[in-house]
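**Q** As they're listed, the protein sequences go chains A and B. Just so you know, this note's numbering puts the end of the first sequence at 80, numbered straight through with nothing missing. Just so you know, this note's numbering puts the end of the second sequence at 136, numbered straight through with nothing missing.
By construction, these hints were calculated from the structure, which means they are not laboratory data. Heads up, a few of these hints could be off.
Claimed, not checked - Distance windows between CB atoms, simulated:
hint	chain 1	residue 1	chain 2	residue 2	range
1	B	Gly-129	A	Ala-8	42 to 48 Å
2	A	Ala-10	B	Asp-66	37 to 43 Å
3	A	Thr-40	B	Gly-103	26 to 32 Å
4	A	His-71	B	Glu-79	15 to 21 Å
5	B	Ala-126	A	Lys-24	30 to 36 Å
6	A	Lys-63	B	Lys-38	27 to 33 Å
7	B	Ala-81	A	Arg-14	29 to 35 Å
8	B	Ala-31	A	Arg-14	35 to 41 Å
As the list claims (entries may be wrong) - A short list of chain B residues far from chain A (calculated; beta carbon distances all over 12 Å):
hint	residue
9	Thr-27
10	Tyr-72
11	Gly-107
Glycine included, C-beta positions come from ideal geometry on N, C-alpha and C.
Residue-level listing of the chains:
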Amino acid sequence: MAMAAADIERMIKEALPDAKVEIRDLAGDGDHYAATVISSAFKGMSKVKQHQLVYAALKGNMGGVLHALALTTSAE
Amino acid sequence: MTDINAFIDNEVKSNDVVLFMKGTPQFPMCGFSGQIVQILDYVGAPYKAHNVLENADLRQGIKDYANWPTIPQLYIKGEFIGGCDIVREMFQSGELAQTLADNGVAVKKAG
Numbered sequence: 005m006a007m008a009a010a011d012i013e014r015m016i017k018e019a020l021p022d023a024k025v026e027i028r029d030l031a032g033d034g035d036h037y038a039a040t041v042i043s044s045a046f047k048g049m050s051k052v053k054q055h056q057l058v059y060a061a062l063k064g065n066m067g068g069v070l071h072a073l074a075l076t077t078s079a080e
Numbered sequence: 026m027t028d029i030n031a032f033i034d035n036e037v038k039s040n041d042v043v044l045f046m047k048g049t050p051q052f053p054m055c056g057f058s059g060q061i062v063q064i065l066d067y068v069g070a071p072y073k074a075h076n077v078l079e080n081a082d083l084r085q086g087i088k089d090y091a092n093w094p095t096i097p098q099l100y101i102k103g104e105f106i107g108g109c110d111i112v113r114e115m116f117q118s119g120e121l122a123q124t125l126a127d128n129g130v131a132v133k134k135a136g
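Given the sequences, and given the hints that come with them, work out the whole structure.
**A** What follows is the structure, encoded as structure tokens:
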């Protein structure tokens with residue numbers, strides 16, 4: 005199973021409406037992605053909390069149908 | 026607290042640096058796990074590694090413990106530091122070496 009980049013972006017934006025999301029398909033197999041997420045919601049949060057917020061947005065798909073999503077998060 | 030939760034809790038609190046990974050430091054079974062092994066070896070930090078592929082309870086338990094969906098996971102002095110992305114960022118910025126130093130973890134100088 006794999007996930008389309010557009011679905012990943014949509015789910016992140018549903019949870020973080022102001023987010024700027026950039027997704028790259030690393031291997032071209034729809035299973036290994038890198039995402040950069042910029043949202044003011046991350047302000048004052050540790051990296052762990054920022055990533056947990058993105059994982060929560062993906063509602064359990066991370067680590068399941070989505071094997072690999074290299075994440076870079078930033079508040080601005 | 027379930028048995029596996031108690032086991033994890035005890036492991037991360039009684040060892041300075043603990044890595045939960047797929048495979049072993051000698052034979053990582055996943056590129057992300059392998060990257061953290063390389064980083065820890067490079068900074069010269071001693072660590073205890075657990076291979077989650079040998080234990081299905083641990084593989085699920087560690088995800089629940091940290092509320093973190095993926096493996097590898099790195100802990101320093103009982104605190105969840107992050108997965109591969111965060112550890113790599115911290116390594117590149119020098120923050121990882123600082124965190125180890127702040128927690129009194131002696132590192133071997135890379136030869």
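**Q** Would you mind marking each hint as holding or not holding in the structure?
**A** Hints, verified against the model:
| no. | hint | verdict |
| --- | --- | --- |
| 1 | B:Gly-129 / A:Ala-8: 42 to 48 Å | holds, 46 Å |
| 2 | A:Ala-10 / B:Asp-66: 37 to 43 Å | holds, 39 Å |
| 3 | A:Thr-40 / B:Gly-103: 26 to 32 Å | holds, 30 Å |
| 4 | A:His-71 / B:Glu-79: 15 to 21 Å | holds, 20 Å |
| 5 | B:Ala-126 / A:Lys-24: 30 to 36 Å | holds, 35 Å |
| 6 | A:Lys-63 / B:Lys-38: 27 to 33 Å | holds, 31 Å |
| 7 | B:Ala-81 / A:Arg-14: 29 to 35 Å | holds, 32 Å |
| 8 | B:Ala-31 / A:Arg-14: 35 to 41 Å | holds, 39 Å |
| 9 | Thr-27 | holds, 19 Å |
| 10 | Tyr-72 | holds, 18 Å |
| 11 | Gly-107 | violated, 5 Å |
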